[in-house]
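J.: Input sequences plus hints: build the corresponding full structure.
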Amino acid sequence: MKPKQYSKLKKQLASALAYNLLFYLVFVVFSTFLIDYYTSAALAVFAVLLAYVKRNPEKLDWLLKDLSRMSAFKNKEMRSIDSFMYALVVLYAILLTVHIARNHFAIMPDQMIFYGLVGAFILGRSKSFLLDWIPFVLLLSAYEAMRGLIYVYGESVFYSEVIWVEQTLFGSIPTVAMQQATHIPGVISIADAYFSFVYCLHYLVPLMFAYLLWLKSRDDFKHFSATMVLLSYAALVTFLLIPVAPPWLAAEQGFIPQIQHIIFDVAGNMGVTYFPTLYGLMNANPVAAVPSLHSAYPLLILFFAYSVWGKKGLVTAVYPISIWVGVVYTGEHYLIDVFIGIAYAVLAFFFVQWWFARDN
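Its first residue numbered 25, the sequence shown is counted upward by one per residue in this note's numbering.
For the record, the hints were derived by calculation from the structure and aren't laboratory data.
Cβ coordinates follow ideal geometry from the N, Cα and C atoms, glycine included.
Honestly, I wouldn't trust all of these hints.
Said to hold, decoys possible - Here are the computed distance ranges between Cβ atoms for each label pair: (1) Val-189 <-> Ile-158: 36 to 42 Å; (2) Ala-367 <-> Gly-337: 35 to 41 Å; (3) Pro-281 <-> Lys-335: 41 to 47 Å; (4) Tyr-218 <-> Trp-379: 34 to 40 Å; (5) Trp-188 <-> Tyr-218: 28 to 34 Å; (6) Trp-379 <-> Ala-166: 19 to 25 Å.
What the hints assert, rightly or not - Derived lysine to aspartate or glutamate pairs resembling DMTMM-like cross-links, with alpha carbons at most 25 Å apart: (7) Lys-335 <-> Asp-244; (8) Lys-335 <-> Asp-243; (9) Lys-336 <-> Glu-185; (10) Lys-151 <-> Asp-243; (11) Lys-246 <-> Asp-156; (12) Lys-151 <-> Asp-244; (13) Lys-336 <-> Glu-276; (14) Lys-240 <-> Asp-156.
T.: Rendered as structure tokens:
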């Protein structure tokens, strides 16, 4: 490896370690009373080690010498350095995912800035990350805040109208029919756990997909983020004009036969932990059923995955199909909500594609 490239790699590694030190110290403070003390202690020890390496970067020499012997470093050094940096990001993502799964954490949109910034620092792209992601996350957070205010100050809620539409189109209410046929009250089945799991990925998967697009191409990320924001605000207007209660709430109010609120049952058994963030201070809106953004966001992922990766991207179809079945089965949405959510996603996708093509 050439001295200049060697120096660049060492500098990037040192910068990544420095930021990781700050990140994990803050992480330990937040997690001390939220997770077990063994995990907090391990993170604290890791932070101390990172601090030592940052102050003594020559300690990285043994690592770099070993890496230089690998076949990946024998061809084009700069390409190999980039590959190694991406490998660090992948390793970081794996460790973070394992830690989240082990402690049943739920990631909020505003936290993605901090998690994603670590990977951006490793790649030396922190400035472009902040320029691209801060507006995106702020717009999504503003949408969530306004969505909650609509529920607090909104007008009357629609219950019977959507029930009539369901019965007219399908002859019955699909949520009620599915639960009566397959769900056993008091028992959490594999289907309950699976559909609850994919339901809770509502923000995590779209934001992780957006991050993957950002790593590949800032233009692809901008198209996706613009589509997601447009879709969200179009839904916000609909929530304001037509606040529709979901099936579980309609059942609680006696408008439809009793159904189980499966998501709450599963979440209660898992003991999901939320970090205290600004997002957590926003009011939820239980009467934002139409359109179903849980159904719309996954379809956007499928559209963009196919647009960017071709037929390979069709593997992501598993996610929207699972969501569409799951939100109806768990009582979070009516089937008509799903269809309307799909329509909104299609319109938002093609509108943004047309807009960017017009500018070009």
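J.: For every hint, state whether the structure bears it out.
T.: Here is how each hint holds up against the structure:
{"no.": "1", "hint": "Val-189 <-> Ile-158: 36 to 42 Å", "verdict": "40 Å, holds"}
{"no.": "2", "hint": "Ala-367 <-> Gly-337: 35 to 41 Å", "verdict": "21 Å, violated"}
{"no.": "3", "hint": "Pro-281 <-> Lys-335: 41 to 47 Å", "verdict": "43 Å, holds"}
{"no.": "4", "hint": "Tyr-218 <-> Trp-379: 34 to 40 Å", "verdict": "37 Å, holds"}
{"no.": "5", "hint": "Trp-188 <-> Tyr-218: 28 to 34 Å", "verdict": "31 Å, holds"}
{"no.": "6", "hint": "Trp-379 <-> Ala-166: 19 to 25 Å", "verdict": "21 Å, holds"}
{"no.": "7", "hint": "Lys-335 <-> Asp-244", "verdict": "17 Å, holds"}
{"no.": "8", "hint": "Lys-335 <-> Asp-243", "verdict": "20 Å, holds"}
{"no.": "9", "hint": "Lys-336 <-> Glu-185", "verdict": "41 Å, violated"}
{"no.": "10", "hint": "Lys-151 <-> Asp-243", "verdict": "16 Å, holds"}
{"no.": "11", "hint": "Lys-246 <-> Asp-156", "verdict": "8 Å, holds"}
{"no.": "12", "hint": "Lys-151 <-> Asp-244", "verdict": "18 Å, holds"}
{"no.": "13", "hint": "Lys-336 <-> Glu-276", "verdict": "43 Å, violated"}
{"no.": "14", "hint": "Lys-240 <-> Asp-156", "verdict": "14 Å, holds"}
Of the numbered hints listed earlier, those contradicted by the structure are 2, 9 and 13.
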